[in-house]
Amino acid sequence: MPYLELDVLNQPARPTLGIDLGTTYSLAALWRDGRPEILRPKGRPDGRIPSAVHFPASGAPLVGWSARERAAGEPGRALLSVKRFMGRGLADARADLASVPFPARETQHGVIQLEAGGRLWTPQELSALILREVWRTASEALGEEAPRRAVITVPAYFDEAQRAATRDAARLAELEVARIVNEPTAASLAYGLEQRREGLVAVYDFGGGTFDVSVLAIEGGVFRVLATAGDTHLGGDDLDRVLVELALAEAAPPADLAEDPAFLQGLRLAAEHCKIELSTRPEAELHVAVPERRLAWRRAVQREEFERLAAPLLERTLACCRRALHDAKLRPDQIDEVVLVGGTTRIPCVREAVAGYFGRKPHAELNPDEVVALGAAVQGHVLGGGTRELLLLDVTPLSLGLETMGGAVAKLVPRNAPIPSQATETFTTYADNQTGIDFHVVQGERELAKDCRTLGRFKLRGIPPLPAGMARVAVRFALDADGLLTVTAREQSTGTEATIEVQPMNGLTDAEVETMLKESFAHAREDFDQSRLANLRVELGTMLRAIEKSLPGARASLDKETLTELEAAVAAARAAQQADDVKRVQRVRDELERAGLPLAAVLMDSVARAALQGKKLSEV
Amino acid sequence: MNSPATAAACPSCGQALATPLLCEACGALLAPARAPTPFEAFGLEPGFVLDLAALRRRHLALSRELHPDMHARAEAETRRRAEDGTAALNAAYQVLADEDRRADWLVRALGGPGEDQERAMPQEFLLEVLEWNEKIEEARSAPTGSAERARLDALVPALESERARRRAAVGECLTPLPPAGAPALRRARQELNALRYLERALTEVGELRLAVR
Chain A
1 MPYLELDVLN QPARPTLGID LGTTYSLAAL WRDGRPEILR PKGRPDGRIP
51 SAVHFPASGA PLVGWSARER AAGEPGRALL SVKRFMGRGL ADARADLASV
101 PFPARETQHG VIQLEAGGRL WTPQELSALI LREVWRTASE ALGEEAPRRA
151 VITVPAYFDE AQRAATRDAA RLAELEVARI VNEPTAASLA YGLEQRREGL
201 VAVYDFGGGT FDVSVLAIEG GVFRVLATAG DTHLGGDDLD RVLVELALAE
251 AAPPADLAED PAFLQGLRLA AEHCKIELST RPEAELHVAV PERRLAWRRA
301 VQREEFERLA APLLERTLAC CRRALHDAKL RPDQIDEVVL VGGTTRIPCV
351 REAVAGYFGR KPHAELNPDE VVALGAAVQG HVLGGGTREL LLLDVTPLSL
401 GLETMGGAVA KLVPRNAPIP SQATETFTTY ADNQTGIDFH VVQGERELAK
451 DCRTLGRFKL RGIPPLPAGM ARVAVRFALD ADGLLTVTAR EQSTGTEATI
501 EVQPMNGLTD AEVETMLKES FAHAREDFDQ SRLANLRVEL GTMLRAIEKS
551 LPGARASLDK ETLTELEAAV AAARAAQQAD DVKRVQRVRD ELERAGLPLA
601 AVLMDSVARA ALQGKKLSEV
Chain B
1 MNSPATAAAC PSCGQALATP LLCEACGALL APARAPTPFE AFGLEPGFVL
51 DLAALRRRHL ALSRELHPDM HARAEAETRR RAEDGTAALN AAYQVLADED
101 RRADWLVRAL GGPGEDQERA MPQEFLLEVL EWNEKIEEAR SAPTGSAERA
151 RLDALVPALE SERARRRAAV GECLTPLPPA GAPALRRARQ ELNALRYLER
201 ALTEVGELRL AVR
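Heads up: the protein sequence lines correspond to chains A and B, in order. For the first sequence, the numbering used here assigns the number 1 to the initial residue and increments by one for each residue that follows. For the second sequence, the numbering used here assigns the number 1 to the initial residue and increments by one for each residue that follows.
Think of the hints as simulated: they come from the structure by calculation, not from any bench. Some hints here could point you the wrong way.
Negatives, chain A to chain B, calculated, CB over 10 Å [what the hints assert, rightly or not]:
| no. | residue |
| --- | --- |
| 1 | GLY117 |
| 2 | VAL382 |
| 3 | GLY384 |
| 4 | GLY462 |
| 5 | LEU517 |
| 6 | LEU551 |
Below, a sample of chain A positions facing chain B; criterion: calculated Cβ distance under 7 Å [unchecked claim]:
| no. | residue |
| --- | --- |
| 7 | THR387 |
| 8 | LEU391 |
| 9 | ARG415 |
| 10 | PRO418 |
If you only want the chain A side, here are some residues facing chain B, beta carbon under 10 Å, derived [claimed, not checked]:
| no. | residue |
| --- | --- |
| 11 | PRO75 |
| 12 | GLY385 |
| 13 | ALA423 |
| 14 | THR424 |
| 15 | LEU466 |
| 16 | LEU479 |
| 17 | ASP480 |
Where a beta carbon is used, it is the ideal one built from N, C-alpha and C, also for glycine.
Working from the sequences, and respecting the hints, build out all of it.
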């Protein structure tokens, strides 16, 4: 038998979490008893965790439900969708940053840093906080430490920088990334569509903040992504916004109120509530009230009216569907199955639009909020060695290339190329005795490098001096199965190994990740120390009070040496009671405990005697 | 279907290899000394005519053995071979599965001109190009629903049938494979240039039909 097969057969399957790291919610699932299961802690039917971080006036940031609750009252201290900033620079994220209540800056490599709670946070670190909370919740649900290995999903539309940022966030959360999987692909795994002998599947994923659609081909248990298209700025929040705008137009609040973050946050919640209600009822109420400003406005919204307002947004999703089918060279009627993902697909008119476009009823049997995590758990089962029945063949969503002379792009890996993928292109020098070449790595479909997204720049040094056009520099792009890129280059004519300095754009260097990880350990130590200190002080106070109470009565029973030692320990403990040094407080506590042992023995004796004499314990 | 390429033996088990990327008999992942040609990767003799359905099945079958997911827990060297081997297989599949890319590869491999050396298109084709370009330009500036846009819809089948004709012509030039340096390779290149134009035109028309104004 082949040893690789034996390898798989002999090792027990290694549990691997499936994590949907979403824009608005995140959640985890795990393969258990032959099927993927959402990990819900006892008494919490909703396994989701809001992807929200709240920075209190002092202390460590809050993550998840507590952060979301606080955010409603204090929008100025919360960040609700950090995913939008992953792998982005200030310039890309300007529009999204406008709604963020924290000052933003950028590292020298174009990574956004938000100033919150007295320090700077990169989106990777904030996402790591969310991932830690997801892992903690998963552990709570399992009743033991959850696996540290995970499949993490990203929108199919995510570019290389965004995928790399996701991987770095996982590393910062001390998770081992088994695979980064596209969300729509995970969704079709959740529906077990691989059991079809063959067929074409469209996954329509309308989430809180993003939309994407993917076309997949299934054949003999193999999933192949044929095409993906999407809009990173189209989601359920936009549907809330049409209602918010309706309310702002009709309720006409004073200008200062209309710009007040707390007011707008309240209005958004009201709009969301109204939208959700309209999914099950023909009419719902939208109301805004700020009693202290004498603003009270309410009106009924008909489902038809909402649908009319939502129509242009739905049309944008259908335009993406047309684009994906165009790229896959398919017609809508050729699609065999349509899968719905994301809470927004609960809206009846969304379902109708999808059914109308593809000419068939979409799958909605599973909870659209959970399908992605469930599918990630299925893929985790595959990667953990649990099955060889299923294989996912993914593609890269965007072309990768290098800027050439004159600003054009030489595409090395075309859009929708199956991954892993490798390509090599040879470049040459344009001047005599040129010893270096600057490379500009870009991702995107536009003709000119300046219109594409910069992934990084690197300089190739140490080319031997040769006449122009004689040097042969082979640049190799290697895109792994996660869609992450490694670029290497070497000069071939002389076999000289040239040096490269890669400068990631909007990304963290390995060294930065290491430093952050160490810092987070240091912070974890600090946080731990603080709570330990608080607990020690409480303990010390209890011990001191007990000794003060019992010492006068027990004095006579203690020898002089013991008494001197105990009094010294008490004095030291009093002095250290408000100290900030955990080690010192710990030391005096331990010393007090040791010096107090003879006293405890005397008290035990007197307790025993008292018991014999029929005295009550409290009277001793 | 083409017959398998000259067989080498698996260094692990000695069985004849159908592809230099892995041994299907013992499952060993291999590290070929040089990058295989697209045809070698699939164990095929070079040729223009190809059974696409069989190629696709073969890609899936080989992926099942080679893909990094199937070796997620193997040691580093096996994982590297899985990554490199799958990348080579994917690259080969993309060349072979696309008739135009397959023809382009064969023309070059037989020492025929590249598109930078032979830029001409077939004579009779040029007149049609002028006419199509005009229609596309008119439609570009016209609003949705206009007569110019409607003419675009009629243009698609015309371009598609022309593409089918040109593909057949490429096939004729390359079946059976001409000897290296034969004049048929130049003709094939000219037909491929026409096909490139047609692909670009069809994409452009597709984009225009997708765009709403």
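We went through each hint and held it up to the structure:
1. GLY117: Fine: 38 Å to the nearest Cβ keeps GLY117(A) off the interface.
2. VAL382: violated, 6 Å
3. GLY384: Not fine: 8 Å to the nearest Cβ puts GLY384(A) too close to chain B.
4. GLY462: At roughly 25 Å from the nearest Cβ of chain B, GLY462(A) sits farther out than 10 Å, so the non-interface label holds.
5. LEU517: Given a closest Cβ separation of 22 Å, the condition holds.
6. LEU551: holds, 63 Å
7. THR387: violated, 10 Å
8. LEU391: holds, 6 Å
9. ARG415: At 12 Å from the nearest chain B Cβ, ARG415(A) fails the 7 Å test, so the hint is violated.
10. PRO418: holds, 4 Å
11. PRO75: violated, 36 Å
12. GLY385: Holds, about 5 Å.
13. ALA423: holds, 7 Å
14. THR424: Where the cut-off is 10 Å and the nearest Cβ of chain B is about 9 Å from THR424(A), the hint holds.
15. LEU466: With a minimum Cβ separation of about 23 Å from chain B (threshold 10 Å), the hint on LEU466(A) is violated.
16. LEU479: holds, 8 Å
17. ASP480: holds, 6 Å
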